[in-house]
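First to last, the protein sequences are chains A and B.
Counting along the first sequence from 1, when you hit position 611 you're at 611 in my numbering, and nothing is skipped either side.
Counting along the second sequence from 1, when you hit position 353 you're at 1053 in my numbering, and nothing is skipped either side.
What the hints contain is simulated information worked out from the structure, not anything from laboratory work.
Pair ranges (Cβ atoms, derived):
| hint | chain 1 | residue 1 | chain 2 | residue 2 | range |
| --- | --- | --- | --- | --- | --- |
| 1 | A | 225 | B | 1018 | 43 to 49 Å |
| 2 | A | 384 | B | 901 | 27 to 33 Å |
| 3 | A | 150 | B | 1145 | 56 to 62 Å |
| 4 | A | 404 | B | 893 | 31 to 37 Å |
| 5 | A | 76 | B | 901 | 33 to 39 Å |
| 6 | B | 888 | A | 394 | 39 to 45 Å |
| 7 | B | 735 | A | 67 | 33 to 39 Å |
| 8 | B | 808 | A | 225 | 25 to 31 Å |
| 9 | A | 76 | B | 724 | 23 to 29 Å |
| 10 | B | 1018 | A | 67 | 49 to 55 Å |
| 11 | B | 1056 | A | 400 | 56 to 62 Å |
| 12 | A | 76 | B | 876 | 48 to 54 Å |
| 13 | A | 400 | B | 888 | 42 to 48 Å |
| 14 | A | 134 | B | 724 | 39 to 45 Å |
Here are some of the chain B residues that sit facing chain A, going by a computed Cβ distance under 8 Å:
| hint | residue |
| --- | --- |
| 15 | 707 |
| 16 | 773 |
| 17 | 779 |
| 18 | 787 |
| 19 | 814 |
| 20 | 818 |
| 21 | 821 |
| 22 | 946 |
| 23 | 961 |
| 24 | 967 |
| 25 | 1030 |
| 26 | 1042 |
| 27 | 1255 |
| 28 | 1262 |
| 29 | 1265 |
A quick note: this is a predicted structure, and the numbers were derived from the prediction, not measured.
All residues carry an ideal CB built from backbone N, CA and C; glycine is no exception.
This is what each chain is made of:
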Amino acid sequence: MSRLTGTPFPYRGGGGGEKMTGPERAGEAEENSESVGMLPMEHLHLEHVLQTVCVLESVVLRSFGPEGGQVLFTRDTGQAMLSRSGTRILTALRLEHPLARMVVECVLKHSTVTGDGSKTFILLLASLLRMIQKTACKEPNVSHTYNSRETAEASTARHLADKMLAFALEELDDIIAMGVVPYGCCLSWEDFTAKTQLPTCPINHCVQKLLASFFHSRLGRTHCDFISNLTCEMLTHWKFKSDLPSSLLQFVNDNFSALHTPVSGFPISCSRLIEGQVIHRDFATPCPQADHQPVKAVVVTGCLQPKLLSAGEVLVLGSGEQGREENSRKESSIVQFTAWAERSLECVIAKLQSLGVSVLLSAVKQSAAVLALAAQADMCIVECVSEDELSLFAQLSGATPVSDCWMIEPEHVAALTFCRPILLGAHRYVHVAFHDSEERITVKPCSLVICGPGEGQTDQYACAFQDAIRMLLSTWEPIDITATTASKKTLQPNKSTCLHVDNQIVKASPFQQCVLEPGCVIPAGGTFEFLLNHALLQHGSSCSISDDTIMGAPAVSQLFANALLSVPRNIYFYSLRRFLQTQTRLLSFIQNHSHPFSHVYKQEHNTIVVQGRGKSECPLEEGKLINHCCGETDVSSQVFMSDSGLESVSCKYQLLVAVLQCVSSLLHVDTVLHTHTALHTPSRRLADISWEGTEDEAED
Amino acid sequence: MSRLVKKSPSLCTDLPLDNTGICNSLHLLRQLLRSCIGPTGRLKQVHNNIGGHVITTSTSSVLLPAISSSQPFINLIKTSILNHVSRFSDCGLFAAILCLSLIEQAKQSGLRGNVATSVNKHLLGLCTSYLQQQDCGCKVKLDFCSSQSLITLARSIISSKPACVLTEREALHISKLAVQAFLLTVPCNSPGIVSLGKIVTVSVEGHSVLNSAVFPGLLVDMPDVFCLNKVENLHSNPMRMVLFSASLAGDLSDLGGIIEVHPGVDTDSQILDQLLKLGQQVVKDEVKLFICQKVIHPVLQQYLRSHGIMVIERLGITLMEPLTQLTGSQPVATLHTTIPAKAYGKVRDLSIKQFGSKTMLHLQPPGDSAICTMILCHRNETMLSELKVVCQKTEHVLRLTLREPSALLGGGCTETHLAAYVRHKSMDKVTETVSVLGCSQTEYLRGVEGFCRSLESLAAALEHDGGNSLMDLTHAHHWSHPADVMEERMEDSSGFCGCGLVESSTNQKWTYLNTKYPQFSPAPLFRVPTVQPRVLDSFTAKLNALQVAVETANLALDVRYVIQDMN
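So here's chain B without its partners, still in its complex pose (with noise of 0.2 Å):
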C-alpha cells in the first residue's frame, strides 16, 4: 500500500488558443526557429545546467529536442516536426515556421477554427497538385548526367547550415564528396531491385575540411600496429578472409543447467584446444584476413599472427553488415563443425591509411561494391559533430532523389512562387470552393490570404541582415536587397533572383512581401540551358514538409481544451 502514489488531478485550459500566454509561447518559438533558417540565419548555443557541452547549432534536428517545454502545445508542433525530419532529414525549420505562422495568423484572421481549418486543407490540395503537375513553374527535373544538379542541391543543403563554419571552398568540396560517396553506394549492375549500399562515416578532428575525403571499401580501426609490416606482403591477388560473430573468448556456453566442474578437470584449455583447432582449419585454408565482432582468446590470436594472418577483433555490430557486403563471407558462429567454403569471403587489398592519430586498415572489395567510406575532417569537435549531421541529411536528401528525380527551386522563389500560384488559383469557382467549404466568401479570402502570407513570410525569414525581401511580378520569385539599397535604384543593384535562375531586367516590376499586390498568374519561365539554378531544394523533403505543416496547424487550431497529466 505505501508504494500507492496518488495520482494528481489534471490540469485544465479551456480554449487554449485564445489563451495569451499560450500564444505567446507560440510566438516566441516562432521567432527562434525564424532566425536560425538558411545560409546566414543565426545560431544558436545550447548548454545543460550541468555543465555538459556546448552545441552549436541551427539544425531542427538538433535545436528542437533540446527545447523543452511544459507547453503541451509546443511538444505536439516539436513531435510533428522531428518526426519529419527522421524521415526526410531536411525542411525541418521550413516545417516548422510554416505551422507556427499558419496558426498566427488564422488567429489574426479571426476565423472559426473549423473554416481555417478547411480552407487550410482545400489550399494544401491546390498546392500539392500543383507541386505534381509536370508545368510546375518552381520545379526542375534532376538531370543524372551529369552531377551538376546533384552538387547543387547537396551545397544548398550543407551552405544552409553555418554552423558547420565552412567557407566557400570548402562547402563545395564537401559537397562533392557527399555527391561521389552518394554515387558510390548505388549499385552498378545488378539486375532485379536495387539495395543500396552504405556509407560508413568516420571524423577526425584537428584536420582541415579540404583533408576530408571518400574511399570506396571499408576504413577498420587498428588499434595496435603488430603485425603492420605483414602489410606489404599482402598486395597480392584477392583474399581469403574469414568473420566470426561468435565471441572467440573461450568461455562457457550456455548449456541451460547448472555446470558442476570436478577438481582435475581443466575446462578452459578443453576449450582453447577446440579453438586452436579451428585455427588449424582456418590456416590450412589459407585465410590471410581473420576479423571477429566480439573478443578472440590472445593465444588464439598469436597462434594466428605465428601464421602471417591478420587479425582484427571487436569489430562491433555496426560494421558487420557492410563487412559482410564488402567481402561476400557469411559471418561464422559455430565452433565446432568444419567452416563451410561458402561461408569465407574475398578482400582484395589492403592499405594502411593514417588520418591524424587514427591508424586505418582500408579492406578494398574484390568486385563492385556499394559500400564506401567517409572521413570527414574538420577543425573542432563542435563543427565537426554539426558537419557529420549535415552529411549524413545530405546523403538522405540524395537517396530521395532516386524515388523522385526532381527539386524546388530554392533561396525563397518556391515559397514566393507558390504563394503567388495560390493567390490566383483560389479565385477561380470562388462560390464553388465556398458552398463546398461551408463558409462564407469572406471567410474564405480572409483564409486564403493567411496561408499565403505565411509561405511569404518563410521567404522573408531567409534574410536576416535587415534586407528587403521581393517579389517579381512576372514569375513570381524572390529577390532580397540590402537594407541601405534606395527603392529608386533597385533594378541596377539587384543581380540575379534567391535562386538564380532570372535576371534582373529594366522592365520588371517588384512588390515588397507582405504587401497587398494584385493577383496575377505567374509566368513560366523560358528555361535557358546555360542558365542553372544556383540553389535547390529536396523536392520529396518539402512537399511532405508542406503537407506535416498544414496538417499539424490544423491539428493545433482544432484544438478546444488541454488537459495536462501533473503527475
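One chain only, chain A, in its complex shape (with noise of 0.2 Å):
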C-alpha cells in the first residue's frame, strides 16, 4: 500500500494497491500550516488543486472512452457492484479531502441534470487546471504586489478562470452555435412517429445512435446495441399521441421505478419489454382464474375493514347500567363489537361484488378476515403495492383510487385486458394490462425486464437506463441562454477583459434568442472537441485587435481550446497516430467546406436555424448528417461519421459551462480550516454548532 504523495500523479500504469486518501496533507502544506486560535490551517496552492484532480482522472480514466472497463467496487455491506459510471465511481472512493469531496459535488449535481458526462467533466477538469497552471507560473500576475511567488501565481490563476468562465457564459454558446452546430444534425421527434408506423424500418437511427454511444460508454462495447435497441422500442412504445418529447420522457424517467423489474440470474439478453404494468408485489389470495373480460380492478389505499375504535378513543366494558360518556362507549359483551366489524366487512364486499370487482390493489396490509371474505367472493387482493405503482396505475387506468370502501363509485374501477401471475426470476408479480382508451390510442403501455447475472449488473443497467432518458431529455430541452449579438461584440471588443471577477451574471440583451437547436447531436468520438477547439482558435485570432495580454481574450479562448484537447486525446490514448488522423481529417474536412459564418455573420445563424428545422421534418440518413450545412457531402465526411455514434449539443454546452464554475470556485479557496468538534470543551459549544457544517465540506 503506498500513499498517494506529492509527486505527479502517474496517468496510466501504475498498479498495485493504493489507500485513496486524496493529496496527502503533508509536505509542505504541513510546513505551512500556522494555528489561527485553536484551528488547524493548511494554505491550498495551486498544485495541490491539481493533484487533487488528477488523482481522480486517474481513477476516472480507467473507464473513459470505448476502450475503457468497468471498475469492480464493494459496498459496504460487501456487495460487489460494476459500474462505468463516473458518479458511482467518485462516490465509491470515499473521498477525506475536502477539496476532493467538493469536486465530486460538483460532478453529482451535473450529472444529476444531465445524466452524462461525470467522466468527461473530471478530464476537462484537470487538463483545464494544467493549463491554468502552467500559464499562471510562466508569467504570475506580477503587476501587484504579493509577498509570495505563490501567492501571485494564485492570484493570476484565479482571474483566469474567472475570464474563462465569464468568457464561457458569455460567448461560448455563440461559438458553438458558429462553429460546431452546423456540423452536427437536429434529433427529429418524428424519427420516432416513423418507427411506429413502420416497425422494420431502422428510421430512428440517430436516437438509437445516440443512445448506442451513451450506453457504450456506460456498459461497454458488447450489449450497448441490443440495450440502446430495448430503450428506442419502449420510448416508441410510450409515445403520447400529440405530446411532446420532453413530456414522454419526462414521464418515464418520473415512473421509471415502477416500470422496470431487475431479474438476476439471467444472461441480459434476456430483457425484454412485456406489456401492460407489472406490480411488483405477489397476490395475498389465490389468483384468479377467471378467463372473463375485462377484469376489474379498484385501488383502495386504506383498510377495507373498517376500525371500530380510531387512536385516541376507549372501549370502556362495563356491566350494562351505566350511561355512555363521553369519547367512550359502553357495552357489556365485546363480541358484540367484533361482529359488527365483521359484518360491515361483509357489506363492503358485497358492494365490491355489485360492481363486479374482482382485483384489488391495497397499498396496506389487509386483516386475514379480508383475505378469506375476499377469496370466498372470487376476489383476488394484491396488498402493500407501493404508492409509485399505484399512481402508475391509476394514469394508465384512468381509475381514482379510493381511501373509504362505502363511498366506492363507478369511476374508481378500472377495466383490465387481464391480470395474473407473471413468474420473473425468484419471485411471482402481478402483471396487468389496460384497455385501450381514446386519449392514448398510440401508447402501448409496457414495462421492461432487466436481466443480469447478478443484482450488481441489474442495478447497474437499471441506472444506465434511467441516466439515458435524462441524457435525451435534456438534449431536447431547449437552453434559454442570452446570444449577444454581432454588432454588440464589435461595440465592445475588450468588454471581456474589464469584466470583473463577480460579475457573473450575464446582462439580458434585448436580442434574446435560442441559439442551440432542442435535440442537436455531433458525431461521437471527439468531434465536439476538436469542433469547439477549431471555432476557438479562429475565434481568438479575430477578436485579438489590441489585447495580447494573458488575460486578453484570445489567450482565454486559446488556454479554453487546448485544454478540450485532452478530452480526443484519451479517447484515443492507445495510439496518437489515431488521434492526428481524426483531428486532420476533420481540419480538412472544415477547410473543404469552409463556413462563411465569420464573414456573414448575423444572416448565416438565420439560416441555420431554419435549415435546421426544414431537416429535422424528414427523416436524417446516416450518410446525410452535416449536408445541411454545407450543400453536399464527400465521401470521407461520410465515412468517418458513419463508424461513430453521436451525443448531444446540450449536454456538452452544460458540461462545459459546469467544469468552468467548478474550476472558478475551486480556485477561489486559499485555506483549509480543520474545525474539531469538539465534544471535550462545552464551554465552545455555540462555536461548534456553526462550525460543524464546515466539518464535512471545504468553506467555498
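Dock chain to chain to rebuild the complex, using the hints, since each chain is given by itself in its own frame.
Shown next as C-alpha cells:
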C-alpha cells in the first residue's frame, strides 16, 4: 500500500493497491500550516488542487472512452458492484479531502441534471487546471505587489478562471452555434413516429446512435446495441399521440422505478419489454382463474375492515347499567363489536361484488378476515403495493384510488384486459394490462424487464437506462441562454478584459434568442472537442485587436481550446496516430467546406436555424448527417460519420459551463480550516454548532 | 454527533487482473470447484469457527455461499453463479469453472480486454445458435411417452452429487421416485393455463434410502395420537373438512383503540362462547376434519373431538396453499358470520402412516389433485440434507423440461462436441468476423483457442482419478481412460463414450484433450433407437449456465479498477 504523495501521479499504468486519500496534507502544506486560535490550517496552492483532481482523473480514466473498462467496487455491505458511471465511481471512493469532496459534489450536481458527462467533467477539469497552472507559473501576476510568488500565481490563476467562466457564459453558446452546430444534425421527434408506422424500418437511427454511444460509455461495447434498441423500442411504445418529446421522457423518468423489474440470474439478452404494468407484489389470495373480460379492479388506499375505535378512543366494557360517557362507548359484550366489524366488512365486499370487481390493489396490509372473505367472493387482493406503482396504475387505467370503500363509485373501477401472476426470476408478481381508451390510442403501456447475471449488474443496467433517459431529456431541452449579437461584439471588443470577477451574471440583451436547437447532436469520438477547439482558435484570432496579455480574450479562448483537446486525446490514448488522423481529417473537412460564418454572421445564423428545422421534418439518413450545412458531403466525411455514434451538443455545452464554474470555485479557496468537533470542550458549544456544517465540506 | 462515525477511505487496486494475488485466488477457487464436479468429484467439508455442525457437500449451491472472500472478484463471480443456480438449480459448477477458466485463458493469451470480450461474445453466439438448432449433434429430444429418458436425466443429476452417498440401486430408486413425484404434480385434465402442483418433502432420518416413498395427497404431522382409533371409522365417502386461517385461541381481535374492562365482565368467556357457537355450526354441517393454521382453544378442541371430529392445529403457513388446492376449501377467518357452504372442502380418505418416530395423517384428494408428498429417508442427517437439496433440484430440472423438451448429452460429450464445433465453425468467414470484432486475425485465433480450451477443460475436469481424457475425431465425444491403460491398447479397453451413445471401434482416432488437433466438423450420430444415452444434462440449465459464465467472465475481464469500501 503506497500512499499517494506529492509526486506527479502517473496517469496510466501503475498498479498495485493504493490507499486513496486524496493529496496528502503532509509535505509543504503542513509546513506552511499556522494555527489561528485552535484551528489547524492548511494553505491550498494551485498544485494541491491540481494534484487532487489528477488523482480523481487517474481513477476515472480507467473507464473512460471506448477502450475503457468497468470499475468493480464493493459496498460497505460487502456486495460487489460493477460500474462505468463516473458518479458511482467517485462516490465509492469515499474521499476525505475537502477539495476532492467539493469536486465530487460538483460532478454529482451536474450529472443528476444531464445524466451524462461525469467522467469528461473530471478530465476537462484536470486539463483546465493544468493549463491554468502552466500559464500562471510562466507569468505570475507581477503587476500587483504580492509577498510571495505563490500568492501571485494563485491570483493569476484565479483571474484566469474567472475570465474563462465569464467568457463561457457570454460567448461560448455563440461559438458553439457557429462552429459546431452546423456540422451536427437535429434529432427529430418524427423519427419516433415513423418507427411506429414502419416497425421494420430503422428510421430512428439518430436517436438510436445517440443512445448507443451513451451505453457504450456506460456499459461497454458488447451490450450497447442491444440496450439502445430496447430503449428505443420502449420509447416508441410510450409515445403519446401529440405530446412533446420532453413530456414523454419526463414521464418515463418519473415513473422509471415502477416501469422496470430487475431480474438476476439470466443473461442480459433475456431483457425484454412486456405489455402493461408489473406490480411488484404477489397475490395475497389464490390468484384468479377467471378468463372473462374485462377484469375490473379497484385501488384502495386504506384498510377495508373498519376500525371500531380511532386512536384516542377508549372502549369501556362495563356491566351495562352506566350511561355513555363522552369519548368512550360502553357495552357489556366485546363480541358485539367484533361482530359489527365483520358485518360491515361483509357489506363492503358485497358492494364490490355488485360492481363486478375481481381485483383489489391495496396500499396497505389487509386483515386475515378481509383476505378470507375476498377469497370466498372470488376476488383477489394484492397488498402493500408501493405508492409509485399505484399512481402509475391510476394514470394508466384512468381510475381514481378510493380511501373509503363505502364511497366506492363506478369511476373508481378500472377495466383491465388481464390480471395474472407473472414469474420473473425468483419472484412472482402481478401482471396487468390496460384497455385501450380514446386519449391514448398510440400509447402501448409496457414495462421493462432488465436481466443480468447478478443484482449488481441489473442495478448498473437500470441506472444507465435512467441516465440515458435523462440525457435524452436534456438533449431536447432548449437552452434558455441569452445570446449576444454580433453588433454588440463589435462595439465592445475588449469587454471581457474589464469584466470583473463577481460579474458572472450575463446581461440580458434585447436580442434574446435560443441559439442551440433542441435535440442537436454531433458525431461522437471527439468531434465536438475538435470542432470547438478550431472555432475557439478562430475566434481568438479574429478578436485579437489590441489585447495580447495573458488575460486577454484570445489567450483565454486559446487556453480553453487547448484544454478541450484532452478529451479526444484520452479517447485515442492507445494511439497518437489515430488522434492526429481524426483531427486532420476533421480540419481538412472544415476547410474544404469552409463555412462563411465569420463573414456574414447574422444572416448565416438565421439560415442555419431555418435549415435545421427544415431538416428535422424529413427522416435523417446516416450519410446526410451534415449535409444541411454544407450542401454536399464528400465520401471521407461519410465514412467518418458512419462508424461513430452521436452525442448531444446541449449536454456538452452544459458540461463545459459546469466545469468552468467548478474550476473557478476551486481556485477561490485558499485555505482549509480543519475544525474539531470539540466534544471535550463544552464551553465552546455555541461555536461548535456553527462549525459543524463546515466539517464535511470545504468553505467556499 | 457522537453517533457519527467517520467513513474511512476506500482501498483501490488498479488493473486488478494484472495483480498476482487476485489471479492466485481465482486460480485457487477454480481448483477447488474443479475437484467437486461430476459423479467422482471430491467432497468438501464446511464447518464454521464456532462449532456449528459440519456440512459435507460437493453442490455449488451449498459450497459457494460457504466461501467468503474479501476479494470483490470472487464475490462478483459467486453472486452470478448463485443467481443462476437459484433460477435453474443445475450446472452451477459448470458455469463457475467455465467462467474462471475463461478468465484464466484470456489472461494467458495476453489479449486486450476488449478483444477477449468481443471474441468470447461472438463465440457464445455461435454456441447458442448451434444448440438451438434442430440438428444439433449434442442435443436429444425428450420423449414423454416413456419415463426412460426422464429417469436418465434425474439419475444424472442425482449421481453427480456424491455427497448423498447412494449406491447404484439407491440412486435409481430415488430417480424413479423423483420422476414419479414430478409426474404427479402435472395435472391430468385441466384445460387452459396449466398450473403445476406441489411436492411437499418430509425427511426422516435413520432409515434406509430404499424406504423413501411418494404418496399422492398430503401427509400432515399428528403430534398427539388421541383419537387415532376413530380413524378406522373414517374410511367412508368423501368427508367434509374446514380450514381456518385465523387464530381460534380466543384472543381479542384488534379494535384499534384501548379497551377498558370493568370488573364483572368476563371477555374470555364471551369469546369462548362465540367459538363454541362456531363449533356448533361445524358439527351441524357434518364436518369430519377441522384444521387450523394457528392455535385452537383447548375447550373448542375438546368439544369438537367429543363430536367425533378430527382436529389438527398449528398447520403452519407453508401447508395452507397445498391443502386448499388438495381439498378445494377456502380458508375461513371470520368468527361471527356463518361459514358459507363453498368454504368447506372434501377429503376422500384418511389414514395413519408411520415413518420411524413420525406419525402422520395421510389426506387423500377427493378427485384429481396435483399435490403429492415425498418421504425421503437416509441414514444420517448430513446425507439426508444433501439428498433433500438434490431432490428439489431434480424436481426443478424436470419441470424445466416442460418448457423445452430437450436434454444435452452428459459425461463431457456436449463440451467436447461444442468445442470441436466452435473450432470448425469459427474458421468460416474469418476476415469478415475479424473486421466486425475490430481485432487482428491472430488475436481472433488466440481468442478461439482460449474459448475451446476452457470448454474442453470442463470435460477433462470430470476425471478425478488421474485418468486420461480423450476425444474421438469423428463425433467429438468425450472418452476417459484409467491412468494405467497404455495408449496402444486404447481401442480394446474403452467401451463407450461419456454419454454412452458411441461405442468404440477399431477405426476411430482419438486425441488427448487440450492438445492440438486438426479442426474437423463433428459428424452427427446415426441414432439407433435401442441405444439410449446413459447420461443426460438439462438443456435449459446448461444453456443459461453457458451464457451466464461467458457474460460474467466478460464482465470480470472488463474490470480495470477495484474500489473496496473499507467500512
